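Engineer: Spelled out from the first residue to the last, the chains are:
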Amino acid sequence: MSITWNAPVAPRDADPAPAPAPSPAVIAPAPSQPPRPAATVPLLRQPRAQRVLLPVLVGLVLIGAWQALVVGMELPPYLVPSPALMMKTLFTDWATLGMALLVTLKITVLSFVVATVVGVLISFVFVQSRLIETALFPYAVLLQVTPIVAVAPLIIIWVKDPTASLVICATLVALFPIISNTTLGLRSIDPDLQAYFKMNRATRLQTLVRLRIPSALPYFFGGLRISSGLALIGAVVAEFVAGTGGAATGLAYQILMAGYQLNIPRMFAALLLISLTGVALFALMAWATKAALGSWHASELSQD
Amino acid sequence: MNDNAPVPAIEVLSAQKTYPNGTIALQPVDLTIQEGEFVTLLGPSGCGKSTLLKMVAGLLEPTDGRLLLWRKPVAAAQDSATKKMAFVFQSPTLMPWASVQTNVRLPLDLAKVPRAEADARVAEALELVGLAKFAKALPRALSGGMQMRVSIARGLVVQPNLLLMDEPFGALDEITRHKLDADLLELWRKKKLTVVFVTHSIHEAVFLSSRVVMMAARPGRIVEEVRIDEPYPRSADFMVSPEFTHYAKHLQRSLLAASQANEEEALS
Chain V
0 MSITWNAPVA PRDADPAPAP APSPAVIAPA PSQPPRPAAT VPLLRQPRAQ RVLLPVLVGL
60 VLIGAWQALV VGMELPPYLV PSPALMMKTL FTDWATLGMA LLVTLKITVL SFVVATVVGV
120 LISFVFVQSR LIETALFPYA VLLQVTPIVA VAPLIIIWVK DPTASLVICA TLVALFPIIS
180 NTTLGLRSID PDLQAYFKMN RATRLQTLVR LRIPSALPYF FGGLRISSGL ALIGAVVAEF
240 VAGTGGAATG LAYQILMAGY QLNIPRMFAA LLLISLTGVA LFALMAWATK AALGSWHASE
300 LSQD
Chain H
0 MNDNAPVPAI EVLSAQKTYP NGTIALQPVD LTIQEGEFVT LLGPSGCGKS TLLKMVAGLL
60 EPTDGRLLLW RKPVAAAQDS ATKKMAFVFQ SPTLMPWASV QTNVRLPLDL AKVPRAEADA
120 RVAEALELVG LAKFAKALPR ALSGGMQMRV SIARGLVVQP NLLLMDEPFG ALDEITRHKL
180 DADLLELWRK KKLTVVFVTH SIHEAVFLSS RVVMMAARPG RIVEEVRIDE PYPRSADFMV
240 SPEFTHYAKH LQRSLLAASQ ANEEEALS
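Note that the protein sequences, when read in sequence, are chains V and H.
Under numbering that gives the first Met the number 0, the residue at position 117 of the first sequence is numbered 116, and the numbers go up by one with no gaps.
Under numbering that gives the first Met the number 0, the residue at position 3 of the second sequence is numbered 2, and the numbers go up by one with no gaps.
Here chain H stands alone, though its shape is the one from the complex (with noise of 0.2 Å):
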């Protein structure tokens, strides 16, 4: 988790994804990601930005090009005991018939993680996200941020050092998603964290990103990469800043300029 050896954490080398009925996904791209940083994939629906997550995770094949994770294959990666990376959904995705800690203790379990020792990071995790009062209830009973927060913990509970992220917030109401986008930043600071969040907000993606990838549809590709050079911690101040304003306006011009035929969607 110190290894600051100058490895990438994220390699993309020309991958690409074509669907069998020749829609084009994801045309090739390339994008490096450092240890540490919290990078955004911005962009409309269908620019293809939660599929290129998903092919970090290893839930999609490139058709052609590669992944690496710390300089190797992404099913190799996974296998690792050292790195660990983590994926939370665009829904909570949690299992309606188990309490909440069975819900976070999932991949502990699939990897037979000793139970005394898997009960302790469960306890760990949930008191993480706030939610160790609610260990025994079942998911059912929770607000759907609540819900997201399990969701968030079982990714935690494995300790990973890097978390995907796709549209997490996505359902959420906007007080929520704030609360929650501010916790996560929390969370990755006090962690050290590597970080790929999927967004179409382009204010979620300037508040939280040390950098910004923006991708266009139709077909889907990597249209510009920003940099937001802002101190972190960053405080709900931040949105009302100048700077703020001047990233988003930025990013919003890029965003029109690279869909004028689905603007409409883009800024939906």
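Next comes chain V alone, as it looks inside the complex (with noise of 0.2 Å):
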């Protein structure tokens, strides 16, 4: 090639310069310690620190004032149990509440795969063409404004399997988030992009896996969260609804009996452990949003 364009213009910082660190003199004021080399910024000053550690010490000071709001009022392990007694609880029952939280987490982790599934599918007949999509959207929207409480009794006599039962209940709970987010996210191309796609005779699937599913992306995993989050839900009120005991019985059916007993320390460690699943799978699609976008979309770029 003879021809050869002039270099190019400095790139647009893609990691723009770090904020000049703040005067550490704020936080650690102690006169008689030596200056800070500059590059070092106090703990409690890095945004990464203060995201794990602001969190954290707003639970440590609500578990104490619980531990001793109950200490010093006196109040009966029946109605409300310490922090303490809850964590014993937790440690003494969890032969019980373990094997409650396997049965529990498969079941989530069950439905939420097959909403996924399911709900990806959908979304790609339903972006086939408008006409598809008018003729069945309304189904959908019904899918989820029905109380997946009066459905689930229907379903928990219709089919035999208890698991299967539950997981299709909690499938439907799931399911519309990843459906209305996955065909937005389709819709959402660059309609210039599209021009220069069927420019360039490309076929449907070509559209689909060069233009579609990559735009589609950012919703999907907005959606993901949301189902992650009502997958649990969605077993936990199907389990409670089922209310059956037996062999595999999940932390829904340990909150029942422990109900019944009076047992509410055991009660609480079983929510507890309802609360910790679902942050850890919010966690986990937050994790998984950063691994897929993090390079390219403007939700994951750093905003400082």
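Read the hints as simulated data drawn from the structure, not as lab findings.
Predicted, not measured: the structure shown is a model, and the values here were computed from it.
Take these hints with a grain of salt, some might be off.
[Unchecked claim] Keeping only pairs whose Cα atoms sit at most 30 Å apart, straight-line, the calculated DSSO-like set for lysine-lysine is:
| hint | chain 1 | residue 1 | chain 2 | residue 2 |
| --- | --- | --- | --- | --- |
| 1 | V | K289 | H | K82 |
| 2 | V | K197 | H | K71 |
| 3 | V | K197 | H | K135 |
| 4 | H | K132 | H | K191 |
| 5 | H | K111 | H | K83 |
| 6 | H | K248 | V | K197 |
| 7 | V | K197 | H | K190 |
| 8 | V | K197 | H | K111 |
| 9 | H | K82 | V | K197 |
| 10 | H | K132 | V | K289 |
| 11 | H | K191 | V | K197 |
| 12 | V | K87 | H | K71 |
| 13 | H | K191 | H | K82 |
[To be verified] To spell it out: a stretch of chain H is covered by chain V in this simulated footprint if at least three of its residues, at any positions, have a beta carbon under 8 Å from a beta carbon of chain V; those stretches are:
| hint | region |
| --- | --- |
| 14 | 17-31 |
| 15 | 53-61 |
| 16 | 96-107 |
Cβ coordinates follow ideal geometry from the N, Cα and C atoms, glycine included.
With the hints as a guide, bring the two chains together.
Structural biologist: Have a look at this one:
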């Protein structure tokens, strides 16, 4: 090639230079200390550390207050157990609670996976033609607005296998955000890029794989975050409605039983496990989002 | 590419565009563009210059009339293996999730060109626009001017005979735009391209074109065609020469006369 264009101008900052470190004197004013090197920023001033430390601090304060109130007011454990008692119950009853956690996790994960696969497939069908979407979308909405508590007894009667019936209930709860978000994402493509694909005689499959799916990813992951929580809620609610005992019972059943027996510490311990599961699922989804979109999508780029 | 048969690259035969709501985007126009020409469609917003270009590209269908590329209807010409066309949009129109080289390789991937050959041609196209070093970068890491170069590289990678450009440098600052204009002229001469370039800048039109097609709005129509009889290569000196001023003044007057109603818009 004989022609070369002139050297390009410098690239725009992909990584804006870090803001000048704020003066450490605000946090660590001890005059006797030797002056800090400019690069060290006090731990509490680092956004990364703040994100972990601040919620943990709030949690510690709340738990401390709770423990102090329970002890100070001499509340009986069958009304409000102290955090220490709750943790103790968690360990002593771990055999039962751990098994229950596994059952609830199994149902949550199964229904989340089924909801994701089914939801994405339905979205692919929806974006093929407006006609299909117009005809079927109201039923997707119907699915969303019908309370699962009302439908669950029917499903539990119809489907013999207890695990399958619970998975179906939880899937129904988790399905809609995936359908609606993914469909929206598959449609949210740059019209010029779409025209470019058309001009280059791209097939439907090429447009789907190279343009629609990557464009839909940010929306799809938004749907996943909502649905992961909903799958857990669906699993717990379905189990409450089913209310059946037996070998494989989940955390909801433990809560029901603990309620009947006024074993409030165990109820709190089960509750704690459900919450932690939800948080873990959310964190997992946030991590997956970052892994998939971190390099290019505005929602995941550093805002500082 | 070296075919010198006197087949015009583009023939627009009474093509017109009326939108379903009755708005006339373009009155019937006739235009013939020969191979090797650098033609600018110049006019204010709403004069139908982009509409005309998009009809040539096959992105819009004319309401009436016909468009031929190398004597064949647009749709048939687009499937031709020997004569290729490339379109550069007003914005870079890149895939934000894909690297520069993947973006440039897109038309080859869509045409199922073997990977090794495609990669070689991508490297060549990036070399041409001076971005070889940024092959692995994501578009967002590049400046606006560099993103536009990527978009042009994506056009060049199909080795086009005809390059259609819809206000490609409109969003760039003056200095970057001058540079890209000069680089484009260089490319046009060396590659013996036929270029149709849409702009609303009189200066850009005079500097670049061998022929300026002046259009006016409400309704969209062709007002005048002006041949810019100045030799290439054109240097920056040309922009301050009396000839340049002469052409610019002429076009300016013609533009004002054609669009008294919306002259403010025309001058913007």
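Engineer: So if I understand the rule, the pair passes when the alpha-carbon distance is 30 Å or less; does V:K197 with H:K111 pass?
Structural biologist: 15 Å, holds
Engineer: H:K191 and H:K82: Cα distance at most 30 Å?
Structural biologist: Satisfied, since the Cα-Cα distance of roughly 13 Å is no more than 30 Å.
Engineer: Compare the distance between the alpha carbons of H:K132 and V:K289 with 30 Å, and conclude whether the hinted pair is satisfied.
Structural biologist: Holds - the C-alpha atoms of V:K289 and H:K132 are around 27 Å apart, at most 30 Å.
Engineer: Would you check the hint for V:K197 and H:K71, treating anything up to 30 Å between C-alpha atoms as holding?
Structural biologist: 19 Å, holds
Engineer: Next pair to validate is V:K197 with H:K135; report whether the Cα-Cα distance is within 30 Å.
Structural biologist: Holds - the C-alpha atoms of H:K135 and V:K197 are around 26 Å apart, at most 30 Å.
Engineer: For the pair supplied as a hint, V:K197 and H:K190, is the alpha-carbon distance within the 30 Å limit?
Structural biologist: 26 Å, holds
Engineer: Holds or violated: V:K87 and H:K71, Cα atoms, limit 30 Å.
Structural biologist: Distance of about 83 Å is beyond 30 Å: violated.
Engineer: Just to be careful, I want the Cα atoms of H:K132 and H:K191 compared with a cutoff of 30 Å; is the pair within it?
Structural biologist: 26 Å, holds
Engineer: At a Cβ distance under 8 Å, does chain V reach at least three residues of the region 17-31 of chain H?
Structural biologist: Since three or more residues must qualify, the claim that chain V covers the region 17-31 of chain H is violated, with 0 doing so at under 8 Å.
Engineer: Does the structure keep H:K82 and V:K197 at a Cα separation of 30 Å or less?
Structural biologist: At roughly 18 Å apart (the allowed maximum being 30 Å), V:K197 and H:K82 satisfy the hint.
Engineer: Does the alpha-carbon distance linking H:K248 and V:K197 stay inside the 30 Å limit?
Structural biologist: With Cα atoms ~40 Å apart, H:K248 and V:K197 exceed 30 Å; violated.
Engineer: Need the status of pair H:K191, V:K197: alpha-carbon distance at most 30 Å?
Structural biologist: 26 Å, holds
Of the numbered hints given earlier, the model fails hints 1, 6, 12, 14; all others are met.
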